[in-house]
Amino acid sequence: MQITQALHSAILVSNIEKSEHFYSKVLGLPKIDRKLKFPGIWYQIGQFQLHLILAAEIIPDAVDCDKLGRNRHLAFSVANLEQAKQQLAANNCPVQMSASGRSALFTQDPDGNIIELSE
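Using the working numbering, read the sequence shown as starting at 2 and increasing by one per residue.
Hints were generated in silico from the structure; no laboratory data involved.
Even glycine gets a Cβ: it sits at the ideal position worked out from N, Cα and C.
Treat the hints with care, as some may be off.
Stated by the list, open to error - Pair ranges (Cβ atoms, derived):
#1 Ser104 / Val64: 38 to 46 Å
#2 Ser15 / Lys38: 28 to 36 Å
#3 Met2 / Asn92: 36 to 44 Å
#4 Ala11 / Ser78: 19 to 27 Å
#5 Ile46 / Gly113: 19 to 27 Å
#6 Asn81 / Lys38: 35 to 43 Å
#7 Val64 / Lys38: 32 to 40 Å
#8 Gly102 / Ala57: 14 to 22 Å
#9 Asn81 / Leu55: 14 to 22 Å
#10 His9 / Ile60: 16 to 24 Å
#11 Ala57 / Asn81: 34 to 42 Å
#12 Pro31 / Gly102: 25 to 33 Å
As the list claims (entries may be wrong) - Cross-link-like lysine-lysine pairs, in silico, DSS-like; alpha carbons within 27 Å at most:
#13 Lys32 / Lys19
#14 Lys38 / Lys26
#15 Lys68 / Lys38
#16 Lys68 / Lys86
#17 Lys26 / Lys68
#18 Lys86 / Lys26
#19 Lys38 / Lys19
#20 Lys19 / Lys36
#21 Lys86 / Lys19
Produce the complete structure using the sequences and hints provided.
Encoded structure:
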């Protein structure tokens, strides 16, 4: 077997409207059409897609709240980390700078899914 490309990741969300605001407005991800009948939203990021799927219950799985990067997370590259940090702060999103000292931060969506933004 030879894996040639990552296609998508799917994460569970409990409120489509709150999640859409976070991913569309705060992070600025472009939505794409989806033809499926179950509730969700798809985003296109380069050749990669992020699928948000509505779930009745979200079970938090963070094991280290002091260092968000040591938990399950998605990572995205940004052009300007300081601008991203300001955008998150303006929207009252939590921000935790990378403990490694590299140019990266961690935030969480409305359901606690952890997102890394790295320059």
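Hints, one by one, checked against the model:
1. Ser104 / Val64: 38 to 46 Å: Hint violated: Cβ distance 25 Å, outside 38 to 46 Å.
2. Ser15 / Lys38: 28 to 36 Å: This hint is violated: roughly 19 Å between Cβ atoms.
3. Met2 / Asn92: 36 to 44 Å: 41 Å, holds
4. Ala11 / Ser78: 19 to 27 Å: The hint (19 to 27 Å, Cβ to Cβ) holds, given that Ala11 and Ser78 are roughly 20 Å apart.
5. Ile46 / Gly113: 19 to 27 Å: Check passed, 21 Å falls within 19 to 27 Å.
6. Asn81 / Lys38: 35 to 43 Å: For Lys38 against Asn81, whose Cβ atoms are near 39 Å apart, the range 35 to 43 Å holds.
7. Val64 / Lys38: 32 to 40 Å: At roughly 34 Å between Cβ atoms, Lys38 and Val64 fall inside 32 to 40 Å, so the hint holds.
8. Gly102 / Ala57: 14 to 22 Å: 40 Å, violated
9. Asn81 / Leu55: 14 to 22 Å: This hint is violated: roughly 32 Å between Cβ atoms.
10. His9 / Ile60: 16 to 24 Å: 21 Å, holds
11. Ala57 / Asn81: 34 to 42 Å: Holds: the Cβ-Cβ distance is about 37 Å, inside 34 to 42 Å.
12. Pro31 / Gly102: 25 to 33 Å: 32 Å, holds
13. Lys32 / Lys19: The given pair, whose Cα atoms are some 15 Å apart, holds under the 27 Å limit.
14. Lys38 / Lys26: 24 Å, holds
15. Lys68 / Lys38: Answer violated: Lys68 to Lys38 is near 37 Å, above 27 Å.
16. Lys68 / Lys86: 17 Å, holds
17. Lys26 / Lys68: 26 Å, holds
18. Lys86 / Lys26: 14 Å, holds
19. Lys38 / Lys19: 20 Å, holds
20. Lys19 / Lys36: 21 Å, holds
21. Lys86 / Lys19: 19 Å, holds
Figure legend: structure checked against the earlier numbered hints; hints not met, in rising order: 1, 2, 8, 9, 15.
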